[in-house]
Structures are given as C-alpha cells and as structure tokens.
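**Q** Taken in order, these protein sequences are the chains called A and B.
Going by our numbering, 255 is the number at position 255 of the first sequence; the sequence numbering is gapless.
Going by our numbering, 295 is the number at position 295 of the second sequence; the sequence numbering is gapless.
The set of hints was computed from the structure by calculation and includes no laboratory data.
Just to be clear, a hint being listed does not mean it is correct.
[Stated by the list, open to error] In silico DSBU-like links for lysine-lysine, alpha-carbon gap of 30 Å or less:
#1 B:162 - A:310
#2 A:162 - B:310
#3 A:167 - B:52
#4 B:162 - A:316
#5 B:333 - A:310
#6 B:310 - A:333
#7 A:251 - B:167
#8 B:163 - A:310
#9 B:206 - A:159
#10 A:316 - B:167
#11 A:316 - B:310
#12 B:206 - A:333
#13 A:51 - B:206
#14 B:167 - A:310
#15 A:310 - B:316
#16 B:316 - A:52
#17 B:251 - A:333
#18 A:218 - A:206
#19 A:316 - B:251
There are 2 protein chains.
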Amino acid sequence: MKVIALSALATATLMASPLVESAKQAGLVAIPESESALLKMIDNPNNPITKKKVALGKQLYFDPRLSKSGIISCNTCHNLAEGGDDGVPAAIGHNWAMNPHHLNSPTVYNSVFFESQFWDGRDPDLEKQAQGPIQAHPEMAATKEHVEQTVNSMPEYVKAFKKAYGKDVNVDFKTITETIATFERMLVTPSRFDDFLNGYPNALNKAEQEGLKTFIDKGCATCHTGVALGGSMQAFEITAKYKHAGLGDFKGNKDGLVKVPTLRNITQTAPYFHNGGIWSLKESIAEMGRTQLGITLSDKEVASIETFLKTLDGRKPQMVFPQLPASTDTTPKPNAN
Amino acid sequence: MKVIALSALATATLMASPLVESAKQAGLVAIPESESALLKMIDNPNNPITKKKVALGKQLYFDPRLSKSGIISCNTCHNLAEGGDDGVPAAIGHNWAMNPHHLNSPTVYNSVFFESQFWDGRDPDLEKQAQGPIQAHPEMAATKEHVEQTVNSMPEYVKAFKKAYGKDVNVDFKTITETIATFERMLVTPSRFDDFLNGYPNALNKAEQEGLKTFIDKGCATCHTGVALGGSMQAFEITAKYKHAGLGDFKGNKDGLVKVPTLRNITQTAPYFHNGGIWSLKESIAEMGRTQLGITLSDKEVASIETFLKTLDGRKPQMVFPQLPASTDTTPKPNAN
Numbered sequence: 001m002k003v004i005a006l007s008a009l010a011t012a013t014l015m016a017s018p019l020v021e022s023a024k025q026a027g028l029v030a031i032p033e034s035e036s037a038l039l040k041m042i043d044n045p046n047n048p049i050t051k052k053k054v055a056l057g058k059q060l061y062f063d064p065r066l067s068k069s070g071i072i073s074c075n076t077c078h079n080l081a082e083g084g085d086d087g088v089p090a091a092i093g094h095n096w097a098m099n100p101h102h103l104n105s106p107t108v109y110n111s112v113f114f115e116s117q118f119w120d121g122r123d124p125d126l127e128k129q130a131q132g133p134i135q136a137h138p139e140m141a142a143t144k145e146h147v148e149q150t151v152n153s154m155p156e157y158v159k160a161f162k163k164a165y166g167k168d169v170n171v172d173f174k175t176i177t178e179t180i181a182t183f184e185r186m187l188v189t190p191s192r193f194d195d196f197l198n199g200y201p202n203a204l205n206k207a208e209q210e211g212l213k214t215f216i217d218k219g220c221a222t223c224h225t226g227v228a229l230g231g232s233m234q235a236f237e238i239t240a241k242y243k244h245a246g247l248g249d250f251k252g253n254k255d256g257l258v259k260v261p262t263l264r265n266i267t268q269t270a271p272y273f274h275n276g277g278i279w280s281l282k283e284s285i286a287e288m289g290r291t292q293l294g295i296t297l298s299d300k301e302v303a304s305i306e307t308f309l310k311t312l313d314g315r316k317p318q319m320v321f322p323q324l325p326a327s328t329d330t331t332p333k334p335n336a337n
Numbered sequence: 001m002k003v004i005a006l007s008a009l010a011t012a013t014l015m016a017s018p019l020v021e022s023a024k025q026a027g028l029v030a031i032p033e034s035e036s037a038l039l040k041m042i043d044n045p046n047n048p049i050t051k052k053k054v055a056l057g058k059q060l061y062f063d064p065r066l067s068k069s070g071i072i073s074c075n076t077c078h079n080l081a082e083g084g085d086d087g088v089p090a091a092i093g094h095n096w097a098m099n100p101h102h103l104n105s106p107t108v109y110n111s112v113f114f115e116s117q118f119w120d121g122r123d124p125d126l127e128k129q130a131q132g133p134i135q136a137h138p139e140m141a142a143t144k145e146h147v148e149q150t151v152n153s154m155p156e157y158v159k160a161f162k163k164a165y166g167k168d169v170n171v172d173f174k175t176i177t178e179t180i181a182t183f184e185r186m187l188v189t190p191s192r193f194d195d196f197l198n199g200y201p202n203a204l205n206k207a208e209q210e211g212l213k214t215f216i217d218k219g220c221a222t223c224h225t226g227v228a229l230g231g232s233m234q235a236f237e238i239t240a241k242y243k244h245a246g247l248g249d250f251k252g253n254k255d256g257l258v259k260v261p262t263l264r265n266i267t268q269t270a271p272y273f274h275n276g277g278i279w280s281l282k283e284s285i286a287e288m289g290r291t292q293l294g295i296t297l298s299d300k301e302v303a304s305i306e307t308f309l310k311t312l313d314g315r316k317p318q319m320v321f322p323q324l325p326a327s328t329d330t331t332p333k334p335n336a337n
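The following block holds chain A by itself, in its conformation from the complex (with noise of 0.2 Å):
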C-alpha cells in the first residue's frame, strides 16, 4: 500500500498538472504526507512536541476545572466535535459574557499553522496564545493562581508533569498552556486539497479543481494563502462595513490589520468574519470578492469557489476521550460570580 502510494507520488511529481504548479506558486502549501515532514512544521524547538506533553495537554485543553466558574474549558469555545471553534456569533464566556468586541472564536484546527495568534495577532505563537483566554474575564476568568493551584491540587496531574519534563519540572501557569499548546499544534487536518497537491491528481474531481483555479484567477489566495490559506495580517474593510451598531468596534492590531482566518474545514466553522457576521458560506465569498477584492463574482463563480472550499474538510485527528483526575480537598472550589 505504501509502495503504490510512493509510486503514484512519483509519477505525479514528474507529470505535476499545471494547477498545482498554479497553486503552488500562488503560495499554497499543502499539509506534508509524511508524518516526520509535518511533525517538523508543526513543532516549536522552544517547546518540543512529545507523546507525555500531547496527552497531557489533552486532559488540561478539555478541563473545566482551569476556569474560574469550573464550567468552561478551552473546549467550550474551540470545540473539537465541532470545526474547533463554538458555531456562535461571538464567544459566550463567564457568567454569560459575550466577548466584548463581540469577536467570533476562531478555529483551533491548523491554527499552529497560523503566522500569528488573535484576531489581531498579537501573539506569536499558541503556547502565548494558551494564557489568553484563561485569564480573560469574559471567557474562563481564572487567575494563574487559580490555574496552577487547581492543577497542583491534584497528584495524578503532578505526576504527568514529571513523566513529561522530567522530576524536578516546576508545574506553573507558563509549563501547564505550553503544555495545552503543544496538544493543540497537533490538531491539524489533511484534506483532499492536500492530497491532491501531494500528488494525487484524482483526490479532487473535475469541479473542484475548476473551483481551485477560479479561487486563484480571482486572488483569493492572496490573503488565503500558505499551509493555513490563512493566518496572516491583512486590511480588511471592517470600518466601513462590518462595523455596526451592537458588534462591538474591534480595529484589528495597530496598522489597522487583521488576521485572516484559515478556510480549512470552513463548512464547519460558520458563523463567518471577524464578527461571526455572516452565517452562509456563499454570502460570504460574495462579500469577500466586492470588500477585498473589488470584483463581483457571478453566481457560477460563487459556487465554484465554494466547491473548492469544501475539499478543505480535513481528517480530524482521531482521540479517546480523556478521563480527568479527581478534585481533591485543596483543588480550589469553582466560583460562578
């Protein structure tokens, strides 16, 4: 199986259609097929991805407990069942708090491949990203305090640590979000989009491939590009259009600049833009192609870019669900206010 799958590759590498040399050069990357490949993008020398770190991150990203309500975890927002993210407008938070510049939680799926994190970027990377929203008021609401107590609190979690980083690994707030970074930077999705730029010319059938072109030919890949086809900072006209009454006045970072979501599993992830302002697909590329672009694409177009769009539903990392340790007497107790 592997032999034929090599031996496809190289017969396609030698015969590359000239539309994945298209959209190569219009900076389209595809997720590696090789598992050593993807694990080197994916990885942070500074935070190394391990299997010890992997499955406790994954306990940590779906537990409760690291809140200050003990009722949200990062899961609640970036929901794994779902595209990574909540399917709601703006992030419903603690004590009901809708996020206050009534931002839409962003996927969390291939956001490792993200050149920044945020809306408006303001984090580097996913292990700056973690501390976020945890401490955030309107989403989870702890403290570090809170966050490194409740896990300290509980010995089965202590011991994962030291498994992990060694005896001596000190279980603070910087080591528990690396550690919930380091399962999230594994949560990527390959799609047929890949597999067709791996080599794999019939992964996408006639239409797909016409609607790829049509997604090139029209500059959607100028902003919807790389590994991501997001993750960048870009202009993006929300002052003019998207800011209105009622959603909040988000400007994006200090040059006006906002980060451009990833399309990958977009069908999953609606409501779309920065305001979660937009709930059907098609609406949205229209609107992309008249704010961004300048263009009014026809319906035809429209449908063809959404027919590409679609081959971006990836295979999702496939995951037991984790057992969380119990709370003990100095597990700190939730607080709803």
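Using the hints provided, position chain B relative to the given structure of chain A.
**A** Same frame as chain A, but now just chain B:
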C-alpha cells in the same frame, strides 16, 4: 485468560467469603462480569440497545446545538471526562442561570441502574429523563421544535437515524431523546468492588474489605443498595438540616422522598448531596451517619467507609470523541438570550 478467570470465579463461588454473602444479603449487587448479562440488565425492551443507536446517541449527547444557545450539550453538566457531572454545587445553564432549586447535577454514569430519574424521582427511565434538561429553561432552554429542526437540518444525522431505525423513521423529539438515552445506558463503570463480589477475593485489600463491612454494619447499605449503591427514593432529612437560605426550597417528591445518589465514582462527584452542600467526602459520610442513621461515626469508622467507597471508582468506557455533522443553511441559529 478467560478460562482462568472463569475457573477463579467458580472456585470463589464455592467458597464465597462471609463478607460477599453479607454484602449480597444487604442488597448490594455487582455489575455482571459477562457482557451479555450486563446488556440484559441495562437494556430497555421499549428502546433496545443497538450499536448504531449508541454511536448516534453519543454524537447527540455531545452536540451543543441541541440547546437554544448552541453552546450547552448534555455533556456540559454531565461531563464524561469528569465524574459524569459538572463538579459545581448547583447546575449552571442557559444565560448562566443557576438551578432554581439549587440542585446538584447527578452523575450520568451508572444512572441506568436508578429506579427512577431526577432528585424527586419524577421520571421512570433515562428515555423520559433525557427530554427534561434539553427543554428546561435554566438548562438547555430548547423547544422540541428547535431540537427536531436542528437534527433534521443535517443530512448526516438524518442518514444515521435511518440506518439506526429504518428508512421510515420519524426523527422527532421522542426518537432523538431516546437515542441519547441508549447511549447513556452504556455508561456503566465496573470497579474493583464488582470484581470482589464477582468472585475475585483479592480485588479488595484487607482495609477495603473492612470498610465494606463497616459500610454494611453501620446501615449505609439500607439506602445505598442495589447495583448503583443508590437510586431509590428515600426519606431524607432535608427540611431540617439542608434547607437554608439561598439554597432553594427543594422538598423532594410529593411524599417528601429524595433520590439516593449512587456511590459509584463518588470520589469524582463532589460536591455532595442534592444541593452540593458539602465538598468533603469524609464530612459527608459523618453527616449521613448523624442525619440519616442517627449515630455518630468515629473518625476511624468514617475513614474506613471512605476507604471502601474509593473501591467504587470504576473503569469508564473508553470512547472516541465524536465528530458532529456541520450545520447547514437550515440549521436553527443559536440564541443566547
């Protein structure tokens, strides 16, 4: 391996220890070792267990889109990564509402063994129970129509229902909640206590066996009996002791009876009692001695009973985290208000 186990069982049955006999006489019942015996015990003739229903029920159990807000699933309050509950004194639901009677979320694990469902025992089985929290305003706050429209809006769900029930299935609220209940019926956690009753005398060490003896001798098994070590309706001194300001006015059922919580996985389901009033397991044991049995348990007796209770930490079903179908244009939109 199987032969050895059966042979050990046979031997043990012949020379069943007096403690096993006394446990059985006290009404304590093991989760059967044999899968077929277990299936017979947990099945519902009116809603028979099938693999397809269990798999579909798992998806629905984890799907927050069944709630009005789109962010609360069955698993939010009955978290299978924790003790099958939420670890907070009173359930927090839609719009951050606290349960109006300040009732603590019971564990879903082993709830199939309860004689009735809810703290006031108002529902006879999980099929009926599953209809409640989805519609309760301080919980998932959905209408039947919302749930039906949501599920029917996703072709993948409809297809799965057809596969599970036949192509003429009516994917209505009753069928949807019955499917969730089928999944819940499988959430059984055999423990070392069951191994002990099932003929493995070494499954409990000496201290644990002494704890079991104390548990029986002191009268705990009067109410905490059956397979669940709980699950029946009993008089409970709530009006005198547990009704205090701010903790609701729950009075039990029409006769003042309250459902006895299961003791399985009790180390993982703090805080305890219908109002989550006590966090410490030791304190809870002492309190039950005073309030329900009218005796003062010595510290040693309390510790001994706790040692036994820890043997009820069960082996949870290992499960793959489900992937949910993507919403479509006809999926009802979430409403956080």
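**Q** For each hint, tell me whether it holds in the structure or not.
**A** Here's how the hints hold up against the structure:
1. B:162 - A:310: With a Cα-Cα distance of about 25 Å, the restraint between residue 162 (chain B) and residue 310 (chain A) holds, given a limit of 30 Å.
2. A:162 - B:310: 25 Å, holds
3. A:167 - B:52: Between residue 167 (chain A) and residue 52 (chain B) the Cα gap is close to 45 Å, so the pair fails against 30 Å, i.e. violated.
4. B:162 - A:316: Distance ~25 Å between residue 162 (chain B) and residue 316 (chain A) Cα, so the pair holds.
5. B:333 - A:310: 21 Å, holds
6. B:310 - A:333: 21 Å, holds
7. A:251 - B:167: Violated, because 51 Å separates the two Cα atoms, which is more than 30 Å.
8. B:163 - A:310: 25 Å, holds
9. B:206 - A:159: Distance of about 27 Å is within 30 Å: holds.
10. A:316 - B:167: 29 Å, holds
11. A:316 - B:310: 37 Å, violated
12. B:206 - A:333: Violated. Residue 206 (chain B) to residue 333 (chain A) sits at ~34 Å, over the 30 Å cutoff.
13. A:51 - B:206: Not OK: residue 51 (chain A) and residue 206 (chain B) at ~37 Å, beyond 30 Å, violated.
14. B:167 - A:310: 27 Å, holds
15. A:310 - B:316: 37 Å, violated
16. B:316 - A:52: 21 Å, holds
17. B:251 - A:333: 26 Å, holds
18. A:218 - A:206: 18 Å, holds
19. A:316 - B:251: Judged against 30 Å, a Cα distance of about 47 Å means the pair is violated.
In summary, the structure is inconsistent with hints 3, 7, 11, 12, 13, 15 and 19 from the numbered list given earlier, while agreeing with the others.
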